[in-house]
Each structure stands twice: as C-alpha cells, then as structure tokens.
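A.B. asks: Here are the chains, one letter per residue:
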Amino acid sequence: MFTEPLDVLLIFMVTTPVVGWMAYRKAYQKILGVYAVLGLSVTAYFLYGVYREVADKGVVLIVGQMPFNPPLGACLEIDMLSVFMAFICTMIGLVAVVYSIKYMERDTGLTEYYTLLLGMIAGMMGVAFAGDFFTLFVFWELMCLTSYALVAFRKQRWEPIEAGFKYLIMSAAGSATILLAMSFLYGMTGTVNFASLATSLNNATPDGWLYVTLTLIIVGFGIKAAIVPFHTWLPDAHPAAPSPISAVLSGVMIETGVYALCRVLFVVFSPAQFHWGMVIAVLSVVTMTVGNVMALLQSDIKRLLAYSSIAQIGYILVGVAAGTELGLTGTTFHIFNHALMKGLAFLCAGAFIFRAKTRNLDELSGIGRKMPISTVTLSIAVFALAGMPGLNGFMSKFVLFTAVIPAGMAWLAIASVLNSAFSVAYYLRLILIIIRSPPTEKVAAAKEAPITMLIPMCVMATFIVLFGVWPEPILAFAQRAASCLID
Amino acid sequence: MLAIILPIISAIFIYVFGKYAERYVGWIATAAASLSVCMILSMVTDVIEKRLIHDTYAWIPSINLKLGFMVDMVSFPIALIVAVVSALSCFYSIKYMENKRGQTGYYANLLLFMAGMIGVMLSANLIQFYLFWELMLIPSYFLIASWGVSKKRLTIGFKYFIFTHIGALFMLMGILSIYVFTGTFDFAELPRVSADIPSTSILTVFVLLLIGFCVKMAIFPVHTWLPDAHAEAPTPISAMLSGVMIKCGAYAFARILLSGFGQTVLQTSDTLAILGVVTMIYGGLMALAQTDIKRLLAYSSISQMGYIFFGLGVYSTIGATGALFHVVNHAVCKSLLFMCAGVIMHQTGTRNIRRLGGLADKMPITCAASLIGALSLAGTPPLNGFWSEWMIFSGGVFSGKILITTIAVVSTAITAGYYLWFLWRAFFGTTPKNLENTRKPSWLMRIPIIVLAVIAVVVGIWPDLVLRLLSAPF
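Protein chains in written order, with this note's numbering: chain A, 1 to 487; chain B, 1 to 474.
Same shape as in the complex, but just chain A (with noise of 0.2 Å):
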C-alpha cells in the first residue's frame, strides 16, 4: 500500500489483537512481545531495502492510487532523511520493546499496549517518508493518538491520567494549528505536495499571511518538539508514561517534532526568503536554558531526564538556526545521538523503577552499589549528555558549535558551550546521588536487572561510545541525510 517498512508496521499492528486474543492466558502473553520484536525486525530488513534504493537512486516517490488521488491520497517522498529518521524510530522501537518484554511483564491490557506501541513508531516513520502535507498531518496524527494513549496507560492510578489529559490538549492545539497552516498553504498555492509548495512560493514576496503560517507551523510543531515556550506537557507526560515509552517519546517523539519542522521550513519557506534564522536561534537559547535550569532542581529521576530532553532540544535547534549543511548535520548527528543517550538513561531510570519501585532520587540513593551494571551504563548515557568527549554526545555537540560560529552567530556557541557547562551540575548530581553510599531501606532489596533488560542497555551503552571514538560512519550517513535540506 504505502512503502514494505511501513506496510510491514501497520500489519503486524492490525493483527497484534489477534495474536493476543489467541494468547488469552496471562503465562502466553510474552508472546506479544515476541511477536512485535519480530515486526520490527523484519521492519529494519525491509528498511534497509528501502535504504539501499534511496542510495542508489535518490529520492523514491510513491504516489498512492488508493483509494483517491494526490492530495487526498497518500504521497510518499523517501530521501536519505526520511530514511535516517525511519531508522532511529526502528531501532529505538526494537530496544523499547526488547526492554518491554519483562517491565511490563506485571501490567494487564500488554495487546493494547503492543497494538499502540507498533501504531506509534508507524506514525512517526509515516512523518518521516510524507511527501506532501497532508499524508504528513495523517501520520503525525496517528503518532499522536497512540502516544496519548500510552501515556495514560498505567490508568489505575492518577498521574498517568492527569498528564496524558493536559497532554492531549496541548498536543491537539498544536495538531490543529498545523492543520489551519496546511489549509492557508492550500489556499494561497492550492497544492499540498511539498514540491510543489516550494516551486509556487519559490519567488512569493514575504507578505503578512505567509508569516502567519509560518508562525503557525513554529508553533504547531513546536510544542510536539517541546521548544519553551510550549514545553509544559512534557515534563508531565514523559515521567507518567511506562519507562520504555518515555524511551520512545523522548528519544524519537520529540525529534519527529523537530524532523517535521525542519522539513516544513527548509523546503517550503527557503530560510532565504523568511529570516527565520534569528527566531529559532532564540528559541534554542530560551529552550536550553530553560531546560537545563529547570533540571537542576528535580527530586524525579524521570522528570530530571524529560527537563534534559528539552535542553537538548535546544541543542538540536542550533544547527536548524545556523541554516547551513554543516549545522543540519550536527542537527541530524545529535537526534541520533540524543535518541541512543535518552533512550538508553530512561531505560536505565526505568530498572531502578522496576527494582526498587520509586522515581524519587531520594529514596534511590545508594542503588548503584545494588545495581552495577545499571548504573555503569547509566553513568554512560548521562556523561554522553553531559557532553563529555569520547561519547557519541561530545561529536554532535562538537559538530553543532563548529557549524554555527561561521553562520555569524557566535553568541549561539558561546550560549550553548556555557549551558553544557551548567547541565553537567545536574547530571553529576544524579550520578553522585545514585552512587552515595549507604543504600537506603527502600533499595537495600534491590538486584541487578533481569537480562532481557539489561541487554538493550548495554547494546545502547556500547554504541554510545562507538559512535563517540568512530562517528564516521553515523556522521556520514547524517550528512547525507541533512544534504537532503539544502539543495
């Protein structure tokens, strides 16, 4: 129907309930799991095809013929972005679900869970290969739904209700402001394909309407991308949701956010013609700023980590801001780094949830003496964060900062070099805190993880610092990717 990868995605997640209708004793319900590990997989074999394809040729277009024409019907455009993205969303996809198989071994409803999980990253890969606007709104649309469901999903208790509640409303705000931009851009240029979009407005004077969508789209996308000041669901959603989930929306959910609005402004308002340089650079001040701040002073293991998320958006921001190859580089190089450092810390916070049964960093205090590996790969991820070389973190941020002083905005660099100092001071807090010994009463009992956790974090762990010593390969493949911008 559309492309193999994604086909792949949205079958195996229609016929999720099937498998778990058949599987209805509790003891058969791993194989859920089992069954979307198995999806995803043969999801990544068919990407790669999709990959090699792309290389050789391009860009594929598939224009579907089902069931209407263009813009009704859905219109596929595959660069090397959308298969960079696509590729972040699989793999953290398969180690969340990896990791899911025994977190969520105590929960009930695990067919709606895996039915929702495998709706989402067909959502976000959706968003990636859109070619037009309106298969883009479809498929962000279902990412979106399916994240509001799994951020509520744990509904016997309060939290996850009230967040996944504001949730939904801000994130619905932000879809229909997209939708009213996607129809004022059908208006003015009665197309919706994005080619076409940047042929007709290739040489449009900047007149007030057009400013308006554009701020409209900023602001649509930017509160999925959490960018201060429409930031407030997050820290709410992403610590009340199941911790692979958390995994997913802040390692892949947020950069969609980001990967969309790129997508928007480079190809259809050419940053020539609009200046909106300047405004994203702000944005990316305040965002960091914000976010960094506002991580020092939690008492949340998780919450600590959904406020890191924002400031690292901020980071991703920057090269967006700078404009030129070199920044989206850095900008694609850090959402893939950022995707394998946030997912892997979440997945970290989530087995000392799973062990010890509490988010707060109090009552974890100690828990690394009790959990080793944990807290090695813990101490991984959160140094890669902080920025310190040798880790994938260090590269991109490094990338980022090189690219924006000859975009004539040194004052970036410097804010962003003075803000990775600051977040160091929180993420060293969250290490020491884990690290203090004696343990507490709450966690004296705990044990290291069970395996099938701990394999996808030290599978995450090792690539961290891989891609930190040897980033060629990955950086290559991101200034492919960003080369798909600028042209």
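Note that these hints are calculated values from the structure, not bench results.
Backbone N, C-alpha and C fix where the C-beta goes; we use that ideal spot for every residue, glycine too.
Incorrect hints may appear among the rest.
Said to hold, decoys possible - Once the Cα atoms are required to be at most 27 Å apart in a straight line, the calculated DSSO-like pairs of lysine-lysine come out as:
#  : chain 1 : residue 1 : chain 2 : residue 2
1  : A       : K370      : B       : K152
2  : B       : K151      : A       : K442
3  : B       : K100      : A       : K370
4  : A       : K370      : B       : K151
5  : A       : K442      : B       : K152
6  : A       : K102      : A       : K370
7  : A       : K447      : B       : K100
8  : A       : K447      : B       : K151
9  : A       : K357      : A       : K447
10 : A       : K442      : A       : K370
11 : B       : K100      : B       : K152
What the hints assert, rightly or not - Here chain A is said to cover these stretches of chain B; the calculated rule only asks that three of the stretch's residues, wherever they fall, bring their Cβ under 8 Å from a Cβ of chain A:
#  : region
12 : 59-72
13 : 159-172
14 : 320-332
15 : 362-372
Using the hints, position chain B against chain A.
C.D. replies: Positioned in the frame of chain A, the structure of chain B alone reads:
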C-alpha cells in the same frame, strides 16, 4: 598508539573480569602500566636522533579530522614521566589499597586516568587533545569520589569536577575559535597558521585557552580545587594528581601557547610572570600554615606550579626548557613525597604533622627519600630540582625581568622553610608515645619510593640524561 590503547583495554578487561582474580588485579594493572612505560621508552632513540614521530590515521573524514599521535622533544619526556609515575603509583597501590573495597573499579579507573594523561601528551591535534583532556577528568573524579578518605569526598569530587570541566570548556571555546579562524586543528600547522587569526581576537583566544590551562595547573586565583582534591584522594592517586596531572596544563601551555601564540605570550609576559610569582608565594605561605601532611604537599604543588608557570611565561628558551625540566623533576619529587606521606599515614594512622615525630629510626628509608624529595624541591644542589629552578630563574634574568626574578628567588626560602619544618616534625625530635610501636613499611611500598629517590639523585648528578631529550617548543 599502543601505549595509550593498552591501558584502556586492560582497564576494561580488569573491570569486567577482575572479580575472578581480585587478589591479583593490582599486579595485572601494574604489568599493563609497566608495559606502557616500555612502549614509550622504546621511542627514545628516535627522539634522541631528533626524528619527529608523527602517525596519522583516518578518523572522521566528514569534518576533516584525523587521529594523530606526535612524539617530539616536548612531549616525550613528559609522557615518559607520566607513565613512570602512574606505573609506580599502581604498584604502590597494591599494598596501600589492599583492604579497600572495589579493587577492580579502582585499578580500572587508575589505568584509564593514566591513558588519558598519556593521550594528552601524544595527541597531534586539538580535538584529540581535548578528548583525552576530559578522559583524564572522569576517572580521576571517580577515584576521588569513590575512594576518597573522608566523608566529604563526594562534595570535594563535585567541586573538582565542576572546576576542571568549566576550565576545559573555556579551552574548548578557544579551540573552536582557532578552528574558525584557521580551519585546522593540527598542532604541527599551528605555528604557521596562527598568523591568520585577526589581531583583534588573538588575545581573546589566548585568554580562553589560558584559563583552561590555568585551572588545570591550579594557578592563583583558580587554584582552590587543588588542596581539597589532592588531600582527599587516596595517596597513590594524590601522587598522580599532584605529580603528573596538573603538568598537563604546563605541557599544553608549552605546546599550544608557546609554539602557536609566541607573540602574545611575549606581549603579556609581565602579567604571566607576576601570576607565576604570586602563585609561588601564595602556595608557599599557605603550605607553611598547614598541619595536615597531604594539604601541605598540595599547597606546595601550587607553589611549584608557580615556578613552572613563571618559566613558561617569561618566554625565553632557557626559561621554557627549565620549566619543562622542572615538570619532570617536580613529578618525580612530588610523587615521591606523596608516597612517603602515604607510608607515614599507613603506618601511624595519622596525617597531622603535630602528632608525628622521631620517625627517622622507625623508617629510615622513607626518611631519606623524603629528605631527597624535599631538598630537591627546595632547590638544593646537586639534586634534580636545583638544575631546573636555576634554569627557570636564569630564563627570567635573560628576558630582562630582574625585579620579578629576584622576588621569585627570594621566595624559594619559603619552600625550604616549610619542608624543613615538616621533615623536622615528622622524622626527628622526640617520638610521641603512641608512635613507639610503629612498624617498618612493607617492601611493596618502599620499592616505588626507592626508585623515585634514585631517579631524583641520578638526574641531579647527571641532568643531561633528561635535558638531551628535551627542548623548548620554539
């Protein structure tokens, strides 16, 4: 190169498999460290024959970065002394740390720390340099925060980390601006391309880098992390921190600022020399006031870094050569003194100088070694410290700063003062009652001390042994 990779690999190996051989993990680590020393030593003939070893490997072609290692007459002697001191500290730890928990983690961190320092010395470009610079920070932070001696170790580790990291970020900003102006990170090209930096911004870049180096060297007024961190760390780690880690700042000063920013150093050399002298006197006076052995040695390190900074700052060939020579000598003597202090603490259980006395009979070898280390740092001929201090001061005279140099020379009296006071209280005089049963230290702790003391004497009698391997970077 292998000298760096080997400790890293063995660190991981020790951390993962160490628990199966907990009793031998120290010996394995020492073997790995000594092997690394041998590898560095094997390059000695190339260095004597003045061949520049410069290996590059492809690393990140996308942003035109290469992995490069460079060995020349600036980096070789310092890298060698780093490796020697680290290997001896590792050996010393076998006995000193034998009853502490977390052996595997301790030795793994120690080896990583060592690899970071050697990496700093042998890097051939600025980014790799920064990478190793931070690599030595993280393990040393864990060493202080996890194996520190008092309850305050976490707070002190935090202070150490934040201080050094912020210094490093200033340095990173300097490095990035160098790249923006010149388009290269390579050390070898730095002297040639530094002319491309516009004269209006060169001072800013210089100051950014200088702040980073000064924090590491603990130059007044950014020294405050040092006394806490060095006093807190377990003694073998103090020997590494004080003996070699702070020298990375001196090396960086020589490598980057002297060779790339010679003109700027020359213009600011009065300020630099004054900073050096202030640090010398301040460190010395603070050392006089200490009653804790390790804090005394830590403040003495600050004072000694003032000598080195002074020698580099006056911008004359003999001064800079003397400063680099003093880096080597101070590494030998200060780690020697820390190890002696460690022996005293280990055998007597106290680190308060007022409670010590008359230990010369109990531990003659330690006493003689401390005497050598302290007299050498106080500049007594014919020990090694005399030669380098003499060269540093004549560097000051050669560049025409007679007044500042005179103050500096006079201030060496302070050094002699606090060391003699310490030696007298610790080793001579009457023995307090509770120390009468003090036993002789283990040979495992005496061997590294003897080795270092022998190096100090031999280099003192025959300074050319080191000087022929060493030259100023301009």
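A.B. asks: Taking beta carbons only, do three or more residues of the region 159-172 of chain B come closer than 8 Å to chain A?
C.D. replies: This one holds; 6 residues, not fewer than the three required, reach chain A with a Cβ under 8 Å.
A.B. asks: So if I understand the rule, the pair passes when the alpha-carbon distance is 27 Å or less; does K447 of chain A with K151 of chain B pass?
C.D. replies: holds (26 Å)
A.B. asks: Under the criterion that the straight-line Cα-Cα distance not exceed 27 Å, is the pair K447 of chain A, K100 of chain B satisfied?
C.D. replies: Holds - the C-alpha atoms of K100 of chain B and K447 of chain A are around 23 Å apart, at most 27 Å.
A.B. asks: Is K442 of chain A close enough to K152 of chain B, meaning Cα to Cα at most 27 Å?
C.D. replies: Holds - the C-alpha atoms of K152 of chain B and K442 of chain A are around 24 Å apart, at most 27 Å.
A.B. asks: Please count how many residues of the region 59-72 of chain B have a CB within 8 Å of a CB from chain A and say whether that reaches 3.
C.D. replies: holds (count 5)
A.B. asks: According to a criterion of three or more residues whose C-beta lies within less than 8 Å of a C-beta of chain A, is the region 362-372 of chain B covered?
C.D. replies: Violated, because only 0 residues of the region 362-372 of chain B bring their Cβ atoms closer than 8 Å to Cβ atoms of chain A.
A.B. asks: Within 27 Å, alpha carbon to alpha carbon, are K442 of chain A and K370 of chain A?
C.D. replies: Between K442 of chain A and K370 of chain A the Cα gap is close to 12 Å, so the pair holds against 27 Å.
A.B. asks: Does K442 of chain A sit within 27 Å of K151 of chain B, going by the straight-line distance between their CA atoms?
C.D. replies: Roughly 22 Å separates the two Cα atoms, so the pair holds.
A.B. asks: Keeping to a limit of 27 Å between CA atoms, is the pair of K370 of chain A and K151 of chain B held or broken?
C.D. replies: holds (20 Å)
A.B. asks: Given the hinted pair K370 of chain A and K152 of chain B, is their alpha-carbon gap at most 27 Å?
C.D. replies: Holds. K370 of chain A to K152 of chain B sits at ~22 Å (cutoff 27 Å).
A.B. asks: Hint check: K100 of chain B vs K370 of chain A, CA-CA at most 27 Å. Holds or violated?
C.D. replies: This hinted pair holds, its Cα atoms lying about 18 Å apart.
A.B. asks: Do the alpha carbons of K357 of chain A and K447 of chain A lie within 27 Å of each other, as the hint requires?
C.D. replies: holds (12 Å)
Consistency note: the structure conflicts with the earlier hints numbered 14, 15.
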